[in-house]
Structures are given as structure tokens and as C-alpha cells.
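Visitor: Single-letter residue listing:
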Amino acid sequence: MFAAVCAVLASCQKDPDTDKLDNHYLVYTNYDSNTDFKSIESFYVIDSILIIGNSEKPAYWNNSNSQKIVNAYNDKLEGCGYIMVPTADEADVILQLSYINNTYYFSSFGPGPWWSSYPGYWNWGGWGWYYPYTFNYSYSTGSIIAELVNTNAPNPQNDKLTVIWNSYICGLLNGNNLSLSRTMDAINQAFVQSPYLGK
Amino acid sequence: MKTISKLFCIALFACVLAVPSRGKAQISLDSYYNIDWQFNIPLGNDFSNGASGWGMNFEGGYYVTPQIAVGAFLNFHTNNEYFSRRTLELSNTLSMNSSQQHQMFTLPFGALVRYRFIEADLQPYVGMKLGACYSEFNNYYYIFMSSQDRWGFYMSPEVGFNWYPWANSIGFHFALYYSFATNKCNLMTYKQDILNSIGFRLGLAF
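Protein chains in written order, with the working numbering: chain A, 26 to 224; chain B, 42 to 247.
Everything labelled a hint here was simulated from the structure, so no lab data went into it.
One thing to keep in mind: the hints can contain errors.
To be verified - Cut-off 35 Å, straight-line C-alpha distance, at most; resulting in silico cross-link-like pairs (DSBU-like, lysine-lysine):
hint	chain 1	residue 1	chain 2	residue 2
1	A	Lys63	B	Lys225
2	A	Lys185	B	Lys232
3	A	Lys93	B	Lys225
4	B	Lys232	A	Lys39
To be verified - To give an idea of the chain B side of the interface with chain A (calculated C-beta under 8 Å), a few residues:
hint	residue
5	Trp95
6	Phe117
7	Asn121
8	Thr128
9	Thr134
10	Leu135
11	Asn138
12	Ser139
13	Gln144
14	Tyr181
15	Ile184
16	Tyr218
17	Tyr219
18	Phe221
In this text, a Cβ means the ideal position worked out from N, Cα and C, and glycines have one as well.
Build out the structure end to end from the sequences listed, making use of the hints.
Guide: What follows is the structure, encoded as C-alpha cells:
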């Protein structure tokens, strides 16, 4: 009886005013603490954004809007003092971008190889890649994942490339459409809160 | 808030119906009951420092002597605080940037002792509540929420009065209180070892 009363009263919590929340975007960043980011010289940003949907076949987003997002990352990495090179083969690090259009393949965003749920995820010539750090994020549609992969340091034990930095930005949808200005703000914030990136 | 208001109205209506049938100013000269609206001000709380009136108190006691009553109590309260956009260092390498809404809900209950100075229409008193405290700490950010619930020991001294201005009717209750609970919070980057607060209660006396 008493437990029931407590349960009823516990349901009388005053919910906070979530309208007051600045819902514009949420930014997570994480990095490999063993990486010397000052030693990186060159980078390459893949010019198409992988769309993670409910189809097993990977699709890529490549239009003027996606190009603006790619350019924003290019500008930010150049701002860090890294040199943009024309091909992935020449780069010390590669930035791969993915857009979550549907969470069908996401049971959670970490810890663990959540990306293995999606058959079409980035796979560098069969090398694959791994995260040297753990994380546990919440996830939602309308999110962009950016992963900085170190091409010079394959793990000798499993021959996988190392993700040395990643950002996860969500809250980018305005209705059903991606808000570019919000996306730019979130990309900027990802670099603001990653001061270790740079020469 | 609507839920609390509805609960309060139901309790008030039930009491108004019940009291005249007893034919006394109090339900019993040997006992008392209070139902209160509660205003709570957290002190030095990093998780939620927002004062609010989102709470209620229920208590009753039996006078084992003309001055001293022992009884039981239960109250609940919600304190919310908005945190503007900022970056939280969730680990040595993991950062998160967002605005947040913090919600702290407390539900203490237990035993009480009350000493009333005079047995009259106006009955000033001092009292002490001791018991357990259930608490929930919720952090809302973007569309997500992180949550933690904890139990602790609760202690709350108070001063106040019951006032019965009319014969054969209900009276009023007012109290000032301080509360201390050992509930700990360790949610994201927010840590709280104890819960301190002051406040007042305004309600009905039977």
C-alpha cells in the first residue's frame, strides 16, 4: 500500500520545460589520447557523405549541400594547420563523413562495433578500422558522424586503421530538412571543443 | 504542475467532506493531520539550485501527552534548473556540448515528533522529521535524458503553527523547515554528496 502511494507520488514530478532547451544541436567529440596530433601533416576529406539508412546497399550524398559540409570540414582541418592533399593515398589522415538518415541499423552508438550493424559502412579496401577508445552516445536521425582515420598507423595486431578523432553531431533537422546553418554551427563547435587538433 | 494541483484539490475536497461529520474543530483532540503545499529552496546544490513550489507535504500525529505528538510524514518535491549551452568533459577524452534541463525529485518519508507549546486555537510548535529519502536526478539534453536514483537518510527540523479559527471546521497550517538528506548524485559531470534545503509549508490542519 505504502509502495503504491510512493509510486503514485513519484509520478507527480513536475516535468521540466523542455521547450526552454536549446534544441538546436548536440555535439560529442572524442579522441585517441595516444595520438600526437601535432605530428600530422596532411589530410583528405572524402567528398561524398555516406548515408546510413534502412537499405543494406550504401548510398552516398553528393550534391551542393553535402559539398558545403565537406568544405566546412576541409576549412576547419586547414585551420588546424594541416595540409589538404588531392588524394587519400597522399594523406596522413582521412576524414570520413556519415549521415544517419534512419536508425534501423543502430541498436546503440557504442560501446562496441556498432558500425558493424550496417553492411555498407566505410571499409578501406578490406582493411577496416577500429576505435582505440570507448564511448557511449545516444543517437538519433539527422546526425552526422565524422571520423578521422590515421592511414599511417595500421594496428599491427589486427591490421586495422585507427580512428584517432570523431565527432557526433545531432539535432540538425529543421522539420524534415537538414538545417545547413545549424550544421555549420555544430561543425564549428566540434572543433572548438577539440583544442588538441592542430599543429 | 497540473497533476499536483489536481491531487491537492482532490485532497482538499475529501477533507472538506470529512471534517464536518466529526463535529469538532479538529478530527480528534488527541491527534492532528496536515496537508500542505510546499515551497523548497535548495542550498548549495550543484545539480539543481532552482527554488520551486512544486511539492506537497502530508503528515499526521498522535499526542501521547498534551504537548508531544508522534506520527508519520511523507512529502515530495521537484526542483528544476536550466543550464545554458556549455561543454561537459565526460571523460579525459570525451566532450559533449549542449544546453540542459536538470530535474531533482525528492520523496522523504518517515517518523516525526512534534512539541506544541499551547493547546489552543493557535498552536505553535517545533518538530523534527526523521526517515528515508528517495531521490531522482534527471538531466535532459537535446532529446535525450540521463537519470540516476538514490536513497538516503533524511532529517528535517521545523517550526510552525496550526491555527483553528473556527469551531467545527478545518484550520490552517504554516511551517518553516530545514532539511538534510544524505542522497548522493554523480551524474555526468555533476556531483552532490548531500541535499540541503530550506522552505515553507502552507496548508490545512485537521
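Visitor: Now tell me if each hint is right for this structure.
Guide: Structure-based check of each hint:
no., hint, result
1, A:Lys63 with B:Lys225, "41 Å, violated"
2, A:Lys185 with B:Lys232, "38 Å, violated"
3, A:Lys93 with B:Lys225, "47 Å, violated"
4, B:Lys232 with A:Lys39, "22 Å, holds"
5, Trp95, "4 Å, holds"
6, Phe117, "5 Å, holds"
7, Asn121, "4 Å, holds"
8, Thr128, "5 Å, holds"
9, Thr134, "5 Å, holds"
10, Leu135, "5 Å, holds"
11, Asn138, "4 Å, holds"
12, Ser139, "4 Å, holds"
13, Gln144, "5 Å, holds"
14, Tyr181, "6 Å, holds"
15, Ile184, "6 Å, holds"
16, Tyr218, "18 Å, violated"
17, Tyr219, "22 Å, violated"
18, Phe221, "20 Å, violated"
When held up to the earlier numbered hints, the structure conflicts with 1, 2, 3, 16, 17 and 18 and fits the remainder.
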